[in-house]
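Add chain B to chain A, keeping to what the hints say.
Chains A and B, in that order, are what the protein sequence lines are. In terms of full-length UniProt numbering, the first sequence opens at residue 1 and continues consecutively. In terms of full-length UniProt numbering, the second sequence opens at residue 1 and continues consecutively.
Hints are computed from structural coordinates only; laboratory data are not their basis. We treat Cβ as the ideally placed atom computed from N, Cα and C, and that holds for glycine.
What follows is a set of in silico ranges between Cβ atoms, one per label pair, in the way DEER data are often shown:
#	chain 1	residue 1	chain 2	residue 2	range
1	A	134	B	185	44 to 52 Å
2	B	263	A	284	28 to 36 Å
3	A	143	B	269	19 to 27 Å
4	B	263	A	143	35 to 43 Å
5	B	269	A	91	39 to 47 Å
6	B	21	A	132	48 to 56 Å
7	B	291	A	86	50 to 58 Å
8	A	143	B	10	51 to 59 Å
9	A	28	B	152	19 to 27 Å
10	B	269	A	316	26 to 34 Å
11	A	161	B	269	25 to 33 Å
12	B	152	A	212	51 to 59 Å
Computed footprint of chain B on chain A, listed as stretches where at least three residues anywhere in the stretch have a Cβ under 8 Å from a Cβ of chain B:
#	stretch
13	190-202
14	224-237
15	252-266
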Amino acid sequence: MPPVVEVSNLSRTFDVSKPWLNRVLERAPKAYLKAAQDISFSIGKGETFALVGESGSGKSTVAKMVVGLLAASEGEIRIDGVDMRKSRNTAAMRGLRRRIQMIFQDPYASLNPRWRVDRIIAEPIRAFGLERGEQAISARVGELLELVRLNPRDGAKYPHEFSGGQRQRICIARALASRPEFIVCDEPTSALDVSVQAQILNLMRDLQDEFGLTYLFISHDLAVVRHMAARIGVMYLGRLVEVAKAGELFGNPQHPYTRMLLEAIPDLNMTGRPRKAVEGEIPNPINPPPGCSFHPRCPLANERCRIERPAFLTRQPATGVACHAVEEGRA
Amino acid sequence: MSEHPLLSVRDLKVDFPTRRGTLKAIDGISFDIARGEILGVVGESGAGKSLTGSAIIGLLEPPGRISGGEVRLKGDRIDNLPAKAMRHIRGKRIGMIFQDPLTSLNPLFTIGEQIVETIMAHLPVSEREARERAVHLLDEVGIPAASQRLGAYPHQFSGGMRQRVVIALALCAEPELVIADEPTTALDVSVQAQIIRLLKRICRDHGASVMLITHDMGVIAETCDRVAVMYSGRIAEIGPVADVVRAPRHPYTIGLMGAIPTLDATEDRLTQIPGSMPRLDAIPSGCAFNPRCAHVFARCRQERPEPIDVGSSKVACWLAEEDGSRTIVDKKKADQLS
Chain A
1 MPPVVEVSNL SRTFDVSKPW LNRVLERAPK AYLKAAQDIS FSIGKGETFA LVGESGSGKS
61 TVAKMVVGLL AASEGEIRID GVDMRKSRNT AAMRGLRRRI QMIFQDPYAS LNPRWRVDRI
121 IAEPIRAFGL ERGEQAISAR VGELLELVRL NPRDGAKYPH EFSGGQRQRI CIARALASRP
181 EFIVCDEPTS ALDVSVQAQI LNLMRDLQDE FGLTYLFISH DLAVVRHMAA RIGVMYLGRL
241 VEVAKAGELF GNPQHPYTRM LLEAIPDLNM TGRPRKAVEG EIPNPINPPP GCSFHPRCPL
301 ANERCRIERP AFLTRQPATG VACHAVEEGR A
Chain B
1 MSEHPLLSVR DLKVDFPTRR GTLKAIDGIS FDIARGEILG VVGESGAGKS LTGSAIIGLL
61 EPPGRISGGE VRLKGDRIDN LPAKAMRHIR GKRIGMIFQD PLTSLNPLFT IGEQIVETIM
121 AHLPVSEREA RERAVHLLDE VGIPAASQRL GAYPHQFSGG MRQRVVIALA LCAEPELVIA
181 DEPTTALDVS VQAQIIRLLK RICRDHGASV MLITHDMGVI AETCDRVAVM YSGRIAEIGP
241 VADVVRAPRH PYTIGLMGAI PTLDATEDRL TQIPGSMPRL DAIPSGCAFN PRCAHVFARC
301 RQERPEPIDV GSSKVACWLA EEDGSRTIVD KKKADQLS
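The shape of chain A in the complex, shown without the other chains (with noise of 0.2 Å):
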């Protein structure tokens, strides 16, 4: 089965230099931030990716590229075997966006507080000319509404009458107004308590088993990561150091980032196993450390890692890790 998305050598490089006088009074030199490296990962039809890193590991940047919010400096995201980035078939790629939508984070934030619900959710189906007829348009609206488990009548509502989870189920019912294949999910429940969260996530399973729908979702949280993708991608300061199946990711962790994210997560079952205390905080991604840009919290870093960045080895397909004492052996 071929891949729907297929990213390689993704990077992104932010201009972050000081104002052109400061830099010329102050001799200071530009300044570039690297907030996505050389990422390369490819998702198959009906799977869910899922992207997990801590604050400043570039996943939601990597999510905007995918889905063209943000244009990538260097690399290719094909979709459907097309480049989205040098694709000038204009009639392809507006094909091609309708089948790519996305959920943000802050279900607050996302919606248009002065349009009422019915509005927000009709305009992709406006805009990409799905339905003719106002009388159509508002029977898909209602469709759209009770598929996310809320009332057609909720449609006469504006946002603000809504609460968190709401908002969030409006979200999703706006991004399956265009009829989409890929869904990217940028940590969709993260602003949401734990018992609505469930319920969004719950949801968001039902409609991908519907729909046959294919997701990337961006997390920090593991546990929630864990529930909803198959395979995992970990990122740290802009690279992707792991790639693994779910449960070989959690049973079997490879990159020592890795492992140490998992012991870093509070454990509900209190079984009082011995944890390694984590060591020290994630370095200026403006100023990367030489190297694995991982081995100032490394246990296991030696002078090669110090000074040569490890590739990134793959594996089975579409696994693999970025580390040179997995590499070797020492791990």
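Then chain B, alone, in the frame of chain A:
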């Protein structure tokens, strides 16, 4: 030693008078914190957990006010003290740690100045002694090269380091109780674990009790001795952490525990509680949880359940009444966790 618990809250009520009527944000909660104990307070947003903390230290934002009940520190009432007397307790006997370490530090003063000022405000020491003490505290919370960092401003520290400074600040007058309101929510997972461990160790070393307010059940399970689960301004269930986490009794706690995705979980669907927490102006009569409860019966809609003893916990649920034999325990969840 007296027989009083360190902190005793009895039937505490907090109201917000508004033009449309009085909102009962906290409606009659009672709990104790023993010396050296870590009590977790957990609940979803709007459950009243942070307000409980603010009410205890007398920092309710007007128009919020304590409308009933009492708060005792070692047997002495502190909820009706004049502002000046309360100021001597706050910081001295009760320390505070807030969620966002950046807003709880003054950006215009160096951390040394802030810690020294706080020490001198509460303890009869000279400036030199206060400085030594500040260095010692910063060292204790794991700030590298503490004596050189006294002159640094808060923005020069990372989020985790800032929260360490805030912990040092909360402990600088040797308080008997530390109220920590979501101390790790603004931090990344890997740093969160460090801070939780530090908080636990340092409060034990200093003999301080802790009231840890959080929405994260994992943090509670790792850190606390006992936990109070709040819902709509009331305590649904309070008891030893192991009991509440492994064998929750209240239907809300059971639902909450089932809703948390776990790392070793293979379940396809999470348990979900229908609906969401009621707004303060629409709290249902009887048990506040009744519209979302799967086990609701007539009495739940009419009478409000009071917390009663079930084993070593207290549970506010009509199902837990009598001898507890009617208590529902989610078998699957209990088995899975044990």
